[in-house]
Amino acid sequence: MNEVWMLLGMFIVTFGVRYILFAFADNIEFPDTLKRALNYVPIAVLTAIIFPAVFMPKGEYYFAIENPYIFGAIVAVVVSAWKKHMLLTVVSGLAAFGAWKYLFV
Amino acid sequence: MKDCAPLILAAIPFGVIYGALGQSTALSFWAVLAMSVFVFAGSAQFIAVGLIASSTSWPIIVLTTFFVNFRHILYSANLLPHVKDYGQKVRAPMAFLLTDESFAVASNYLKLHGDKPNFNWYYFGAALFMYLNWQLCTLVGLYIGQSVPDMANWGLDMAMVVAFIGIVVPCLHNRATLACALVAGGLSLITYDWPHKTGLLFSAVSAILVAMHLEKKSAPIVDQNNASPMDKDQQENKS
Chain A
1 MNEVWMLLGM
11 FIVTFGVRYI
21 LFAFADNIEF
31 PDTLKRALNY
41 VPIAVLTAII
51 FPAVFMPKGE
61 YYFAIENPYI
71 FGAIVAVVVS
81 AWKKHMLLTV
91 VSGLAAFGAW
101 KYLFV
Chain B
106 MKDCAPLILA
116 AIPFGVIYGA
126 LGQSTALSFW
136 AVLAMSVFVF
146 AGSAQFIAVG
156 LIASSTSWPI
166 IVLTTFFVNF
176 RHILYSANLL
186 PHVKDYGQKV
196 RAPMAFLLTD
206 ESFAVASNYL
216 KLHGDKPNFN
226 WYYFGAALFM
236 YLNWQLCTLV
246 GLYIGQSVPD
256 MANWGLDMAM
266 VVAFIGIVVP
276 CLHNRATLAC
286 ALVAGGLSLI
296 TYDWPHKTGL
306 LFSAVSAILV
316 AMHLEKKSAP
326 IVDQNNASPM
336 DKDQQENKS
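Same order as they appear, the protein sequences are chains A and B.
Quick note, in our numbering, the first sequence goes up one by one and the last residue is 105.
Quick note, in our numbering, the second sequence goes up one by one and the last residue is 344.
Quick caveat, the hints were computed from the structure, so don't treat them as lab data.
A quick note: this is a predicted structure, and the numbers were derived from the prediction, not measured.
Keep in mind that the hints are not guaranteed to be accurate.
[Claimed, not checked] Stretches of chain B that chain A covers, calculated by requiring three or more beta carbons in the stretch to come under 8 Å of a beta carbon on chain A:
1. 131-143
2. 171-183
3. 262-275
4. 308-314
For every residue, glycine included, the Cβ atom is placed at its ideal position computed from N, Cα and C.
Given the sequences, and given the hints that come with them, work out the whole structure.
As structure tokens, then:
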């Protein structure tokens with residue numbers, strides 16, 4: 001992992017996206033389809049990271065009642081849907097994960 | 106300043122958790138901080154840390170960052186009529202500080218006051234405040250991560266998972282968003298073995314296509330200020 005290349009690349013693409021229209025300013029209107037598609041990007045990318053971390057924590061499928069990641073994730077989903085509160089979600093999900101791990105390992 | 110107080114408060118746990126997560130990965134202390142200083146993009150930083158934790162190569166991380174931050178081009182398009190009169194020396198830092206939150210505050214200000222005469226100073230005041238807050242929270246997170254030894258061993262990967270859940274779940278407010286999450290999650294398991302995390306991008310793109318198909322069939326959602334479902338929910342969260 002080359003940190004410097006990664007940071008430089010992330011800086012260039014992020015600043016590039018934010019600046020390109022300002023740099024060549026004029027009015028511009030984007031197609032509605034693109035606007036709507038972009039709304040879904042964070043949901044899609046984050047969930048695609050969450051699922052493997054939960055269901056295959058060691059790189060292999062681990063569908064079992066003992067899997068503490070699954071239990072912790074379920075608790076986090078319920079708390080988040082109910083309270084919509086970041087910190088509460090993190091704390092309860094981690095507590096559930098820890099308790100489950102302690103019970104089964 | 107009071108306009109952005111709720112957003113600043115909302116960003117604090119994200120910044121601290123980002124710092125603590127970054128600390129637990131292969132990234133050095135300075136790299137975690139440098140990402141906040143130079144990239145300054147909350148969700149992309151979280152995702153980068155998540156990808157580093159699963160040892161992804163840097164070109165894929167950069168590509169994913171581009172993908173995730175592409176929505177900012179909509180914000181800049183929206184602000185374009187209001188920055189026309191400023192030179193590049195003003196526009197470039199404005200663009201650098203353009204995030205979900207600064208856009209939300211800026212578009213709200215423009216709605217209430219129009220852009221004359223001091224929109225740029227208002228914008229810089231709010232955005233710089235957010236920027237400094239983000240750096241401070243990253244530092245706090247880094248120190249917390251350092252002071253708790255072996256965080257990775259007792260499940261910091263899980264901390265990332267629950268933090269992501271806390272971001273995603275409030276966005277799932279209709280069939281299309283729910284399907285988007287389920288398809289992305291399901292496919293990501295099936296495509297996990299694809300080289301260089303290409304399965305991640307494939308899953309995300311497929312999920313977005315499915316969501317748009319479903320959205321077209323049901324009633325279209327009204328787009329408020331171009332705000333993504335994510336912003337709206339985060340603002341509701343904290344108010």
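Problem set entry | Violations among the numbered hints, reported as their numbers in ascending order | Per hint list: zero violations.
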